[in-house]
Structures are given as C-alpha cells and as structure tokens.
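Chains as they are written, first to last, in my numbering: chain A, 248 to 596; chain B, 89 to 432; chain C, 2 to 241.
Bear in mind the hints are in silico, worked out from the structure with no lab data behind them.
Treat the hints with care, since some could be wrong.
Stated by the list, open to error - EDC-like, lysine to aspartate or glutamate: derived pairs with alpha carbons at most 20 Å apart:
#	chain 1	residue 1	chain 2	residue 2
1	C	213	C	89
2	B	306	C	26
3	B	306	C	100
4	B	236	A	396
5	C	237	C	204
6	B	404	A	287
7	B	404	A	459
8	C	57	B	319
9	C	180	C	210
10	B	306	C	99
11	B	306	C	95
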Amino acid sequence: MMRILSGDSPKSAVLAVLLALILLALAFAPFLFPGSRSLETAARICIFIVLVASYDLLLGYGGIVSFAHTMFFGMGAYGVAIATARMGTGYPALATGALAGMVAAGLVALLIALLSLRVRAIFFAMITLAIASAVAVLVSQLSTFTGGEDGMNIRIPRELTPAFRLGEVMGTGINGKILNYYLVFFCCLALFLLMLRIVNSPFGRVLQAIRENAFRAEAIGYRVVLYRALATCLSAMIAALAGSLFAIWLRYVGPATTLGMEIMMDILLIVVIGGMGTMYGAVVGTAIFVLAQNYLKTLMGGMSEATSALPLIPDLLSPDRWLLWLGILFILSVYFFPTGIVGRLRGTR
Amino acid sequence: MTDAAPSHAPTMTKLPLAERLRPWLPVLLVPVLIVVGYLIIPSQSSWLTLTVSGLAMGMMIFVIASGMTLVFGLMDVINFGHGAFISFGAFVGTTVLLALGQMTGAPSLLLNLLAIAGAVLAAMIVTGGMGWAFERAIVRPVYGSHLKQILVTMGGLIVAEQLIYVIWGGHEIVIARPETLKGAITFAGAALEKYRLVAVGVGLIVFLALRLVLRRTKLGLIVRAGVENPEMVQALGYNITRVFVGVFIAGSALAGLGGVMWALYQEVITAHMGNEIMILVFIVVIIGGLGSVEGCFIGALTVGLVQNYAAFMEPKLALISNIALMVAILMWRPMGMVPVVKAK
Amino acid sequence: MSDPILRLKGVKTDIAQYHILHGVDLDVPRGAVTMLLGRNGAGKTTTLRTIMGLWKPHQGEILLDGAHINGLNPAQIARRGIGFVPEDMGIFSDLTVEENIRLAALSGQPIPERLDWIFEAFPALRTFWKSAAGTLSGGQKQMLSVARAVVEDRELYLIDEPSKGLAPAIVATLAKALKDLKNRGASILMVEQNFSLAKALGDHVAVMDDGKIIWTGSMKELASDTGLQERLMGLKMETA
C-alpha cells in the first residue's frame, strides 16, 4: 500500500478512514448511488480532485501563486473538442486532443514561467490573472474556432454513451455512461497517484525546500528557476488532462464551464480549506466542497424560505449566496486553519 | 579651514544625452502613442474620438490604480479586494444619483455637478470606511505574507461582492448621465462625448492633487520616504502604521471615486464590474512601477489609449494588446517604468 | 562616574530561527563614545537594531535613562531620544537632501543652529541641497545619514560602521563631526571596523563575540595591549 501511495501516508487515523471512504464511494458510485445526478457528482469530484491536486502541487508544494490554472484546464478540454470536430468521433481523436491540450499547456506554462524570471513573484500572480482573463475573452470571441460563448458539443465514441448497453451487474444496468465514468475514475486515480509520486520524489523535496527558502536553495546549488518552471509545466499538463477528461465526460465544452473565474476561485477555496501542500487536502476538500455545493444549497434554500418574513436574513441565506458563506469560511480558514482540514486532522499547526 | 574635505563645489561631469534622457522616456510614451494612433487610424475624426475616449478611460483607471500602487509600494500589501471598492463605489454612487433624480434631470450644469459631487462624496465615504475595516480585520493580521494576503483579500473580494447582491439584488442597474453631460460636442469633425471630457478633467485634478500632497506636504514626504524604506522612517520617529492605514483608506476612497466615474462612463453597473476593470488596473500597476504615482499615470493613459485604438482596429485583440504591451514594457524595464520601490 | 545612559541586561534576540544575541549585558556611559568591536557576525549590528526596536528581543531588558524601552516600537524609541545611523545609511534616494533633512525634523522645520552645524561639518550637503540624495557619492550619503540623525536633539546616537568603504579624507570629516557631537554632550555607541577611527574617537570599548559581550574597558587599555587585542578579536588593531 505504501508503495502505491509513494510513502505518503495519511498520518492520521481519521484521515485514512475518510480517504478510504471517499475512494470506495467513488469506486462503486454507479452501484451505491444509482441515478444520473449522483454519477454526475461523483465524476465531478474525481476530476476536481485531480485539478485541485495539480494546483496544490504548484501552490502548496512550490509556493507559486498563479491564476492561470483554469486556462490549462480549458486547454485540455478544448483540445479534445477541437480534435473531435476536425478528426471525427473516435478514440484517436480523443487521444490526440488530450495530447495536444497537454502539450500546449506545457508550452504555455513554460513561457509564463520564463517570464517570471524577469519579474517579481508578486507580479507573477497578477500577470497570470491578466493572461488567463485575456485568453478567456479570446476564446469566447474566436467563435469559428472555439464555438464562442455557446461552446462546442463533443461527440464521443458510442461505447461511452448511455445508448451502449452491456448487460447487468448487481442489479444495475451497465451502459456506456458507466463505462465513461470508469474511464474518468481510473484516469483520475492514476493521475493522483502520479502526483503523489512526484511530490514525494527528490524533485518534490527540492521544490519544498525552494518554497521555504529560495535563496538558500539556490546557494546550495539548485537552479531554482528550473525547478519552478518544471513544477509549473507539470501542474499545467495534469490540469489539461483533467480538462480533457472533463470534456469527454460532459460531452460539451464552453467558456463558462472551463474558463470562468468562479472555477479558479473554487480551486483556491478547496486547496486552502482542504490543506495546502498535502495532496490529500485536495481529496477531502473537493469531496466536501462538491457535496456541500449540491446539498447545502438545498438546505440554504429551505432556511431562506423559513425566514422570508424577516428583513435581509432571507437574502443572506439564499442559496445563491452560497459563495458569501464560503468566502467567510475561506477567510477564517486562512487565519485559524492555515493547514486546512488535513493539517488539523494530522495535528500540525 | 581644517583638515576636513575641501569645500569647493565640485563640477559634475555632464552625463551623456542618452543618460539624461532616460528618466524622461516613459513620459514620451503617451504622446508617441497618440501619434502612432494618428498614423494607423484612417479617419482623423475617429482618431480624435478614440483619443479622447482612451484618455478618459485612462484617467479613470489611473484614479483607481493610484490607490493600489501606493498601498502596494508603501505597505508591500497586495489587495486583491480592491475591485470590491470599485463596485461598491459604483453602487453607492448610483443609489445617490437616482435619489437625486431631480437634480440630475435638471438642465443646469451646476445642479448636475452638485448631484455628482454628492454621489462621489457618499461613495468615497463608504469605500473609505470599508477600506478602514478591510485593513483592520482582513489585511493587518497577514502583514508580511504575500501569499496569505492574496488569499485573504480574494476572500474579502468574494464576500464584498456577495454583499452587493444581498443589498442591491442581483441585477444590473442602469444609470443615465446627468442632463447637461449627455451627448457630445463636435470638434474638428469628431463627436466628443461631454462626459468623457469631464472624466479627463477629473482625472487630471486627482493626479495634480496627489502630486501636490506627495511633493509639498509633510505627509507626502513620509509616504514617499516610506515607499523606499519604511524602517528608516520609523527610526526617525514616525508611526508609520498610522500612515499605512491612512493611505489604505485613501486608496479605497479613490477606488470608490473611480467606481462612480466608471458607472457613469458605462451607464450600467453590475456587481462584477470591479473585477473586469481590475485586470487593466493590475496591468497599469505593473507597467507603471510600484509606488510611483507618475508611473501609474503614464501607464494608465497608455493602457486606455491602447485599449481604445486596438478595439477599433480589431475588437478581438483589445485585451491581448494590453497584455502584449505589458510584456513589452516588462522586457524593457522589469521593475516597471518608474519604479520607486527597491527590490524587496 | 555618572549612571550609564543606556543599559542592556541579558538581551537575547532571535532572527527567524537563528539565535543571534545570547544574553548581552552592556552599560553605555554618558557623554562618551563607546566603540562596539568584534568579529564579523558577532552580533554588533543586531545589538544596535535591537536597541532601536527594529528587532524585538525575546528576553532581557533595555533601559534608557533608567526607563524600559524594550517592547516599544522604533518610532517611540526615536522620540525618547535615540538617533540611528544604520549600516546601509538608510537615506531616501528619491528625496532631495533638503527633503531628507526636513523629514528628520519632527516638527517640520530644522532648528537653524542645527542646520548651521550640519553645513559646517558637511559642506557638501549645502552644495547638493536640492539634488536627489541618490545622486550623492558614498561619502556624502554617509554624511547625510549622520546629519539626519542630529537634526533632532538626541541623547544617544547608535552609529553602525560609518566609515565603511569611504576614502580617508571623508572619514576624517566624519571623525571631526562626531567628536564635535561628543563635545556637545551626546553619548555615542558606535560599531566600527576601522581601527584608526575607533582609536581616535573611542573613549570606551565593548568587545562582542558570539552574541555576548566578552570584554569592556577603556580604549587606552585595549589600544596599548596587542596581546589582549588578539585574544579578543583575533587580530591586532593596526592603524593605517
């Protein structure tokens, strides 16, 4: 077990149990929680775990703040969409698209990382924000190429669609959608384990040393720029792959679903609340976040109705204001739980 | 005399022309850009309209960005929540203007300006107060950690934006310009919107006022010294923390003013509007150089002009042009055009 | 012998996770120049900065004129009467010489007599009055740094390596100015590696090593005993 986890044990009984539960729930989701809505949630959790973990690689382990992450996510998604549109439906198209998205993300990440050579770290954050916004605007404007605001529909191979039937297992009908889900699940699992391997490798340790004290690391002899650039590229490429999976699952891609600032904010929130620099924080954080997002909103809706007679309160409790409370939780997290949920469980301050 | 150094006035060798010109190069950027615009835009009247628009937009961005660059330069604090002050300013100002509908509807320039003044005052008081609260509650606990500042101020941004939804509802509000500022005057065959000319004027006043305070007052002296070396300012006997707070509040109030100006420029406001402008504000702060009001001014005008010229030539490339501009300037001067803050 | 103007008791300062001061006990006599000597890294600059409140000691007391100043912020300490001339001079390069001086005057206007003294001691400052401080030479910047510290009436001056990297002629100017200061009743605590300056100016000596004071005495005592010098600092105080 330790070998699979690259030696990165949960270091907390509660955490280990939580992780096991999440893993089992996701692995057997089609059977445990029948219904397309639950499956949708499960797939979303899988993909976001990878997306957030890749961001943790950059922020938590590398200490680099970037707002361009959703851009890379979008590159993977649009890669698949455009490849399918040009090459027709089929696995080669999916693979090409994913590969193209990943390579593009890696190259752009490299360029951005090299730019950071000349500017201060704090400029870097603002620059990534500006670039990501510009790309989002560009994508919605170049409609002939990218489908603009409306996005693009993706035609996936028949085996992955609900129309494809394969029989029954344990009372649940197996159709292409479930196959699609398992494609997503296993790829995300593989990517997550890959990231565990990366952060627990010598490379990962040097990265953390750089995060703690870049000056000292450089003095010892590590080319800080190289490590940071590599971290940025890896993070971007994995995000792109997550984006490709997302596109295949959703069968649709559009600026709102992949490039919006809201997603970037969500990633940031999850990474902080889950616990920066832990990888497992992404797992726990994403699960809690996505579940809360779905079901808490219903709760808030009920509370808002119940208090509709009072002034202002119903507006504060309205499910549309879910971000308000998340934002407050986020701020409190940064102050009082800087190590996030995972940090708390592990007892580190 | 004594054995001290001889007290002759040493002759300073004149620096070569190129060296002497260097500090002035950024200032030339704006007129050069305007000339370039003249050359590439086919119609003279279009060029005139765009130049005025560009300058007006630039002025508004300057008003907003000036607070941010001073806060960043002086306190080494990044406030990603600055956008919230813009939006709040716009909403408060709009509310006041709508309440003063009688005055804005009247065909009297005086009444119109008074109404705007009232809106601006209200907006600046509210956003100034917000700034004070923001600094105390959200920013102060995380002095010294840029990472935490980014996170926490982004959180603050989200919360503030959501509060706008709670207070004013989720839809956009349309706000018409006051009667006498509607429409345009024609000049040299071009239609120049009256409001935009006013915006340019307001921006200039703010710039000159800031320069005056910074160059001629004791407070300004403290701020300028503090941007360079806050520790030494303290060692001279000044409580720089109070100055910090003051600058933060002033910066937030200016963002509020910018918000009102922007609201009247766009004639419609949304809770999200602050964020949309923040991208350009960041670009301006970066290319202007931290802590420099002059750099910010030049940067803002440049960005405003580029935005308008590019949007006219090829609308899809407007934002990308400004990104390209930012990259180009950073290649030329990695610390920004007129950096005051020494590398920290 | 009057009571010391400054007294440090068991002062311990950490910077990040490094222990720099391991319990400094120091008495700075009134109306005299005390030299703080020692190897590089002994903690001399840290001591000055701790006194000035720029770094907080986690243990120990600092008393100025009998009153505790540890725990106060640098602005309060400055107003209690301590002037600071830091190692990097700390001048504001974008401000003119005039603005640097004006800033140092807490009430806004420097006292005319004070200004006269500054111009007499450092004529270059008058020449470059309206120039940006960043355009001054190293020596002139140092003069400005000292001039700034004396604009306000101060009881104690903390001066950190004023002669570093300066030509002998400039050092002579500085030495004269500092001597004059002393004659007017100021107390000075000075870190200095230039031994000729130290010998010329210093009345008392405190030698530091490894974050502690290992020897105090008069300058005459130390200057005349090369064996002692070698034991304390690992070298002899050669004069140029």
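Hints versus structure:
1. Annotation: proposed proximity of residue 213 of chain C to residue 89 of chain C is violated, straight-line Cα distance about 23 Å (limit 20 Å).
2. Our distance criterion of 20 Å between C-alpha atoms is broken by residue 306 of chain B and residue 26 of chain C, whose separation comes to about 39 Å.
3. Note on residue 306 of chain B and residue 100 of chain C: the hinted pairing holds, with a Cα-Cα distance of about 9 Å set against a maximum of 20 Å.
4. Distance restraint check for residue 236 of chain B and residue 396 of chain A: the Cα-Cα separation of roughly 34 Å exceeds the 20 Å cut-off, and the hinted pair is therefore not satisfied.
5. Of the supplied pair hints, the one linking residue 237 of chain C and residue 204 of chain C holds, its CA atoms being roughly 18 Å apart against a limit of 20 Å.
6. Simply put, residue 404 of chain B and residue 287 of chain A have alpha-carbon atoms about 35 Å apart, too far for the 20 Å limit, and the pair is violated.
7. Of the supplied pair hints, the one linking residue 404 of chain B and residue 459 of chain A is violated, its CA atoms being roughly 42 Å apart against a limit of 20 Å.
8. Simply put, residue 57 of chain C and residue 319 of chain B have alpha-carbon atoms about 14 Å apart, close enough for the 20 Å limit, and the pair holds.
9. Between the alpha carbons of residue 180 of chain C and residue 210 of chain C the distance comes to roughly 27 Å, so the proposed pair goes past 20 Å and is violated.
10. Among the hinted pairs, residue 306 of chain B with residue 99 of chain C is consistent with the structure: their alpha-carbon atoms are about 13 Å apart, no more than 20 Å.
11. Straight-line distance between C-alpha atoms of residue 306 of chain B and residue 95 of chain C comes to about 15 Å, which keeps the hinted pair within the 20 Å bound.
In terms of the numbered hints stated before, the structure departs from hints 1, 2, 4, 6, 7, 9, listed from lowest to highest.
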